[in-house]
Amino acid sequence: MISEPLVSIIVPSYNVEKYVGACVDSVLKQEYQNWECILINDGSSDHTLEIIKSFETKDRRFQVFTQENAGLSATRNRGIEISNGDFLFFLDSDDILSSDAISTLVSSVDNNDIVTGITVTSKITGDIISKISPLYPPKEGDITFANNHFEVLTKAMESALTPVAQNRLYSKEFIDKNNLRFKNGILHEDELWFFETMLLAKNVKFVNHETYFYRTDNENSITSKLSDRNLESYISVLEEVYEKYIKKQNLDIAKWYNVYLKKLFLDFAIREREKLSDEVIRKLEKSLAKTYSDLPSQTYLSPKNEAYYRAMNKLTLKSFDQIKKYYVRNPVNSLRKRFKLFQITYLLK
Numbered sequence: 001m002i003s004e005p006l007v008s009i010i011v012p013s014y015n016v017e018k019y020v021g022a023c024v025d026s027v028l029k030q031e032y033q034n035w036e037c038i039l040i041n042d043g044s045s046d047h048t049l050e051i052i053k054s055f056e057t058k059d060r061r062f063q064v065f066t067q068e069n070a071g072l073s074a075t076r077n078r079g080i081e082i083s084n085g086d087f088l089f090f091l092d093s094d095d096i097l098s099s100d101a102i103s104t105l106v107s108s109v110d111n112n113d114i115v116t117g118i119t120v121t122s123k124i125t126g127d128i129i130s131k132i133s134p135l136y137p138p139k140e141g142d143i144t145f146a147n148n149h150f151e152v153l154t155k156a157m158e159s160a161l162t163p164v165a166q167n168r169l170y171s172k173e174f175i176d177k178n179n180l181r182f183k184n185g186i187l188h189e190d191e192l193w194f195f196e197t198m199l200l201a202k203n204v205k206f207v208n209h210e211t212y213f214y215r216t217d218n219e220n221s222i223t224s225k226l227s228d229r230n231l232e233s234y235i236s237v238l239e240e241v242y243e244k245y246i247k248k249q250n251l252d253i254a255k256w257y258n259v260y261l262k263k264l265f266l267d268f269a270i271r272e273r274e275k276l277s278d279e280v281i282r283k284l285e286k287s288l289a290k291t292y293s294d295l296p297s298q299t300y301l302s303p304k305n306e307a308y309y310r311a312m313n314k315l316t317l318k319s320f321d322q323i324k325k326y327y328v329r330n331p332v333n334s335l336r337k338r339f340k341l342f343q344i345t346y347l348l349k
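Heads up: the sequence shown begins at 1 in the UniProt record's numbering, then just goes up one per residue.
Among these hints, one or two may not hold up.
Straight-line alpha carbon distances no greater than 30 Å define the calculated DSS-like cross-link-like pairs of lysine-lysine that follow [said to hold, decoys possible]: (1) Lys-283 to Lys-248; (2) Lys-314 to Lys-283; (3) Lys-29 to Lys-131; (4) Lys-177 to Lys-283; (5) Lys-183 to Lys-244; (6) Lys-131 to Lys-177; (7) Lys-248 to Lys-286; (8) Lys-325 to Lys-248; (9) Lys-324 to Lys-244.
If you are wondering where the hints come from, they were derived from the structure by calculation, not from laboratory data.
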């Protein structure tokens with residue numbers, strides 16, 4: 001391994017004049033020095049471009065590009081194409097890095113395709129970062145998965161791992177060898193990216209150290225402005241996984257993970273039902289049926305979780321109203337939840 005590999009930090013930027021200065025300043029303050037920062041203005045109508053161009057004059061490691069609005073996926077993909085680094089790192093333009101973020105991740109590279117630090121949800125006011133909570137790191141702390149048997153995807157299904165693209169150091173060789181790119185034209189592209197990268201990666205390292213602060217107080221983020229398009233994007237992810245990895249490749253792990261995705265997306269639809277139209281709920285019902293597959297006898301899960309996922313798989317064939325009535329979150333840790341699983345498995349027609 002190169003002792004000080006070049007890290008390409010990719011920062012897509014769209015109408016973030018309130019936040020992007022602090023974000024890019026956290027790159028400038030990195031203890032690790034061998035980086036390039038690719039700042040892409042994605043058709044902003046505010047002062048974002050002026051702000052990021054000011055950093056280009058401060059340090060030659062910043063490169064500024066501008067384009068007509070194309071969306072986050074296309075902008076990240078352009079960053080991948082432009083990059084010269086041995087490793088890639090995606091940074092959202094309203095978030096903040098710890099000063100030792102890149103040095104921490106690089107020091108753990110070894111022969112890993114992906115290295116991840118801990119992301120902490122935070123409120124950020126000037127130089128003050130008020131931490132809220134970490135985003136589902138592995139409970140084991142520092143851990144490396146050989147990932148020969150889809151251990152990372154299994155860990156996500158068993159105990160949740162946050163399916164995001166940012167705050168991970170990706171080997172550029174791994175990304176290019178597998179021709180990995182973000183799906184254009186959708187929101188929540190990270191859910192698909194997480195599945196595809198963790199499906200193919202070997203040696204995935206999780207570092208028990210806070211490296212990334214995820215801003216929760218951006219009123220313009222996609223999680224703050226929910227609409228039918230959010231659920232339509234989730235449907236697109238479901239259908240992509242089904243068509244590419246179940247229908248064409250017949251991958252057992254994809255069949256199990258498909259149920260996990262349905263669980264996540266149903267949880268969203270049930271929670272946000274009042275903000276969603278009847279039409280998009282009908283689209284969801286059709287997609288759940290279209291992407292259904294029988295689960296194989298081979299399982300990657302513990303017996304308790306296997307029973308849960310088999311029940312959820314059966315439930316996805318029902319109407320949304322029935323799903324809402326019987327749906328339970330994992331873990332199944334109460335008599336009420338156990339009874340609902342029993343009803344789904346044995347009584348629900």
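**OP:** Take a quick look at whether Lys-29 and Lys-131 sit within 30 Å of each other, Cα to Cα.
**Re:** The hint holds at about 20 Å.
Subject >> Restraint check for Lys-283 with Lys-248, where alpha carbons must lie at most 30 Å apart >> reply: holds (23 Å)
Subject >> Satisfaction of hint between Lys-244 and Lys-324, Cα-Cα up to 30 Å >> reply: holds (28 Å)
Subject >> 30 Å limit on alpha-carbon distance, applied to hinted pair Lys-183 and Lys-244 >> reply: Holds. Lys-183 to Lys-244 sits at ~13 Å (cutoff 30 Å).
**OP:** Quickly compare the C-alpha distance for Lys-325 and Lys-248 to 30 Å and report which way the hint goes.
**Re:** violated (33 Å)
Original post:
Regarding the pair Lys-131 and Lys-177, is the alpha-carbon distance no greater than 30 Å?
Top reply: Cα-Cα ~37 Å, so violated.
**OP:** Compare the distance between the alpha carbons of Lys-177 and Lys-283 with 30 Å, and conclude whether the hinted pair is satisfied.
**Re:** violated (35 Å)
Original post:
Within a Cα-Cα threshold of 30 Å, do Lys-314 and Lys-283 meet the stated pairing?
Top reply: holds (18 Å)
**OP:** Would you mind confirming whether the straight-line C-alpha gap from Lys-248 to Lys-286 stays at or under 30 Å?
**Re:** OK: Lys-248 and Lys-286 at ~20 Å, within 30 Å.
Checked against the numbered hints given earlier, the structure breaks hints 4, 6 and 8 and satisfies all the rest.
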